[in-house]
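For reference, the chains in residue letters:
Protein chains: 2
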Amino acid sequence: MQYYSMYEIIDKKKNGQELTKEEFHWVIDSLMNKNIHEYQMSALLMAMFINGLNKKETAWLTDAMLYSGQTLTFEGQNVVDKHSTGGVGDKASFILAPIAAACGVRVPMIAGRGLGHTGGTIDKVESIPGFKTNLPLSEFKRLLTDKGVALIGQTKEIAPADKIIYSLRDVTATVDSIPLITASIMSKKLAEGANGIVMDIKVGSGAFMKNKSQARKLARSILDTAKRFDRGAVALLTNMAQPLGNKVGNAMEIIESVQTLKNEGPKDLTDLSLALAANMIHVAGVESSYAKSMKAAKKALTSGDAYRCFEDIIKEQGGDVSYIKDTSKLPATKETTEIKAPKAGYIKSLKTDEIGLLLTELGGGRKTKTDKIDFAVGFDFNKKVGDKVKEGDTIFTVHHHKSQVDKVTQVEGRFFKDVVKFSKTKVERPAIIIEKLEQ
Amino acid sequence: MQYYSMYEIIDKKKNGQELTKEEFHWVIDSLMNKNIHEYQMSALLMAMFINGLNKKETAWLTDAMLYSGQTLTFEGQNVVDKHSTGGVGDKASFILAPIAAACGVRVPMIAGRGLGHTGGTIDKVESIPGFKTNLPLSEFKRLLTDKGVALIGQTKEIAPADKIIYSLRDVTATVDSIPLITASIMSKKLAEGANGIVMDIKVGSGAFMKNKSQARKLARSILDTAKRFDRGAVALLTNMAQPLGNKVGNAMEIIESVQTLKNEGPKDLTDLSLALAANMIHVAGVESSYAKSMKAAKKALTSGDAYRCFEDIIKEQGGDVSYIKDTSKLPATKETTEIKAPKAGYIKSLKTDEIGLLLTELGGGRKTKTDKIDFAVGFDFNKKVGDKVKEGDTIFTVHHHKSQVDKVTQVEGRFFKDVVKFSKTKVERPAIIIEKLEQ
Numbered sequence: 217m218q219y220y221s222m223y224e225i226i227d228k229k230k231n232g233q234e235l236t237k238e239e240f241h242w243v244i245d246s247l248m249n250k251n252i253h254e255y256q257m258s259a260l261l262m263a264m265f266i267n268g269l270n271k272k273e274t275a276w277l278t279d280a281m282l283y284s285g286q287t288l289t290f291e292g293q294n295v296v297d298k299h300s301t302g303g304v305g306d307k308a309s310f311i312l313a314p315i316a317a318a319c320g321v322r323v324p325m326i327a328g329r330g331l332g333h334t335g336g337t338i339d340k341v342e343s344i345p346g347f348k349t350n351l352p353l354s355e356f357k358r359l360l361t362d363k364g365v366a367l368i369g370q371t372k373e374i375a376p377a378d379k380i381i382y383s384l385r386d387v388t389a390t391v392d393s394i395p396l397i398t399a400s401i402m403s404k405k406l407a408e409g410a411n412g413i414v415m416d417i418k419v420g421s422g423a424f425m426k427n428k429s430q431a432r433k434l435a436r437s438i439l440d441t442a443k444r445f446d447r448g449a450v451a452l453l454t455n456m457a458q459p460l461g462n463k464v465g466n467a468m469e470i471i472e473s474v475q476t477l478k479n480e481g482p483k484d485l486t487d488l489s490l491a492l493a494a495n496m497i498h499v500a501g502v503e504s505s506y507a508k509s510m511k512a513a514k515k516a517l518t519s520g521d522a523y524r525c526f527e528d529i530i531k532e533q534g535g536d537v538s539y540i541k542d543t544s545k546l547p548a549t550k551e552t553t554e555i556k557a558p559k560a561g562y563i564k565s566l567k568t569d570e571i572g573l574l575l576t577e578l579g580g581g582r583k584t585k586t587d588k589i590d591f592a593v594g595f596d597f598n599k600k601v602g603d604k605v606k607e608g609d610t611i612f613t614v615h616h617h618k619s620q621v622d623k624v625t626q627v628e629g630r631f632f633k634d635v636v637k638f639s640k641t642k643v644e645r646p647a648i649i650i651e652k653l654e655q
Numbered sequence: 217m218q219y220y221s222m223y224e225i226i227d228k229k230k231n232g233q234e235l236t237k238e239e240f241h242w243v244i245d246s247l248m249n250k251n252i253h254e255y256q257m258s259a260l261l262m263a264m265f266i267n268g269l270n271k272k273e274t275a276w277l278t279d280a281m282l283y284s285g286q287t288l289t290f291e292g293q294n295v296v297d298k299h300s301t302g303g304v305g306d307k308a309s310f311i312l313a314p315i316a317a318a319c320g321v322r323v324p325m326i327a328g329r330g331l332g333h334t335g336g337t338i339d340k341v342e343s344i345p346g347f348k349t350n351l352p353l354s355e356f357k358r359l360l361t362d363k364g365v366a367l368i369g370q371t372k373e374i375a376p377a378d379k380i381i382y383s384l385r386d387v388t389a390t391v392d393s394i395p396l397i398t399a400s401i402m403s404k405k406l407a408e409g410a411n412g413i414v415m416d417i418k419v420g421s422g423a424f425m426k427n428k429s430q431a432r433k434l435a436r437s438i439l440d441t442a443k444r445f446d447r448g449a450v451a452l453l454t455n456m457a458q459p460l461g462n463k464v465g466n467a468m469e470i471i472e473s474v475q476t477l478k479n480e481g482p483k484d485l486t487d488l489s490l491a492l493a494a495n496m497i498h499v500a501g502v503e504s505s506y507a508k509s510m511k512a513a514k515k516a517l518t519s520g521d522a523y524r525c526f527e528d529i530i531k532e533q534g535g536d537v538s539y540i541k542d543t544s545k546l547p548a549t550k551e552t553t554e555i556k557a558p559k560a561g562y563i564k565s566l567k568t569d570e571i572g573l574l575l576t577e578l579g580g581g582r583k584t585k586t587d588k589i590d591f592a593v594g595f596d597f598n599k600k601v602g603d604k605v606k607e608g609d610t611i612f613t614v615h616h617h618k619s620q621v622d623k624v625t626q627v628e629g630r631f632f633k634d635v636v637k638f639s640k641t642k643v644e645r646p647a648i649i650i651e652k653l654e655q
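Just so you know, the sequences run in chain order A and B.
When you number the first sequence by the numbering used here, it's gap-free, plus one each residue, and the end is 655.
When you number the second sequence by the numbering used here, it's gap-free, plus one each residue, and the end is 655.
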């Protein structure tokens, strides 16, 4: 391989010049081989952040990161992954993956753990005893080929450069960059063998993207990069101005997922899961139109095929299915406290990231990467944005331990101070899907 | 001290916001105590580079760096330092410091070693046997108080934050930033106790600043920062489109310095040294006008006072004065080779940084920080820009060792290929002083 100078590469990007494909590959190879220093990489990341990467450069960075580890490939085009930018109460993966798989899509899920206000898919599924998320990549590939779906945690084998780069970005204020986010997501999706991708880009107070304009930019960047790699893709901007569904908390979200897979879940969660699954079915080429894909998705849900597929996944990966058949066996607190409306009105808004932080306060999330998770604690919302409340109506129920009475008082105080706003006049219930963007 | 978050400080500067004085102090303190990581510092430096620092921020960074180590203070205002941005053949310090000292200015010289195409004051003076440049700071202060002048190498005691920051900038392409250069220079000058500063900002092919507009910006930034610290300052933009004086090489530059101190030196070097010394005398308040200061400087030179002061400095710092009294004792090569003009014409230009690199090829400079210097090798120019040459006239003489015959052939080849340009028509001799900028 040709030799490049890291100094000159930083200098070029600092001056706003375009880097070449070879330079991106050299940087990532050198990073993996420790031939460049972290302080050089962080300087380059800051120059990339401020001066940006164009579409070609974003694809080249993605390409270099994708080949930093192992890559999986599958026959055909029906391997389609969903990626969500993360939010509060987001358990849609547990519903859409079985729906899509039941319709013939192969769904590779490599998911993360929670940190700060956002929960993690891996944490939630681990509330089911026995479920293994650290399968070797060969087993992941076998499950995906044979069963159509597999769920594992982040692995060093897939795009390891992303992990190194992300830990640097995390402490150097270079996270919220559209091209860097794009390369991080796409390198992992392409390495895990996805032939298509459906993005769920959350917008609102509980999301990384606080406004539609930023969310649209990220969507366009992902769609464009997917196209450059000849992959089908669709992006939905979806509402994260309140928690998704009614339940927030690890085991409680598994319970709500099972309810939804039995077609007894909350409307927002059901609608979103169906829309994402239908797009996956369409991108996978299983059905020839979106309308037919949606019909298939609905059928998989109402027929019970999706629910049975979910049970299969749990079983295949070592989980105890009796906890799914009877979700009352899942970790639960003995105490609950109802938080009641101090006055009548309409719920105008909920500061969703604060709700995530309140869960963390109860032990249901992580403040630092090494914190242990309490699967049992959580919140169950009776009222959400647009709902009318009378004085004394229960807005939500806190599931907590006996020892946490003081914490609950704190949660209630912060909820009325920082999270909820009331309106005297009627408030529209927000639509879950804001916008769909296609290639 | 209040706690700040490095993440938030980087984030602010990344978004182009102004940092506070307290934040600059916290960053530098944390850097010194290793409470922040180098990769965070380099990300911040890149954000500072691209988004810039305003005048206030530049002064605050200077202030924080200046207090990262020891600070010297002197009674009165007559401690004035000169700083040159560095060039090829620049031995003016050896001439202006004795002139200014002979006129009653106290001149603290903390100088560097050469790297790449630029030579170092410390390397040059070390060609005099016995001369010590690693005096303790207490001895430096004593010499300066008693003798009016002292010359030492960079020390960890003075503005150590600069050394850490500079080594990061050096490998992350963040060197050529006006505010970062300003803080680097000014923190050291203020820490060493300078009450005034005279800047020699070189412009041209042998200089860091390749054009006047950049040089002027640096001058303005230095003058403004000095003013904020209530220090007098003057900046000269001077010509580095050809070597300063005729001799390039460590011992050879000491020889030319001695000639110039005897008022027998080349005109450009004499004029520049007198102008810088006169400005120092004026800034120090020794004389009430620049005209009077120049008169005093000329008198110190022609009377021999400056030369005697130079001998004193050498003696005081352990150097063998017999090498100054008889410069033929200094390291010298046995061989010389004259490089002759292949055609008649006028010398139009000299690519000065290339001349510095040719010296490095002969062993007279450093490619890497650990290289040893050969004091004896060098170049002696007979013809410079504007001079008329006939075919066969000697343009310069290479001083080299017997073993270096092949190197000399290379030097000659590169000189005619890359360094010199001829003109058929008359070329103006460039003025050494381009412009003077005052506060």
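Derived by calculation from the structure, the hints in this document are not laboratory data.
Quantities reported herein were computed from a predicted structural model and do not represent experimental measurements.
Check the hints yourself; a few may be wrong.
Any copy will do: because identical chains look the same in the list, a pair fits if it lies in one copy or spans two.
Calculated pairs, DSSO-like style, for lysine-lysine (alpha carbon to alpha carbon, straight line, at most 30 angstroms) [unchecked claim]:
#, residue 1, residue 2
1, Lys379, Lys250
2, Lys599, Lys623
3, Lys426, Lys511
4, Lys228, Lys633
Results of checking the hints against the structure:
no.	hint	in the structure
1	Lys379 / Lys250	both (14 angstroms within a copy, 24 angstroms between copies)
2	Lys599 / Lys623	within (22 angstroms within a copy, 85 angstroms between copies)
3	Lys426 / Lys511	neither (32 angstroms within a copy, 69 angstroms between copies)
4	Lys228 / Lys633	between (49 angstroms within a copy, 28 angstroms between copies)
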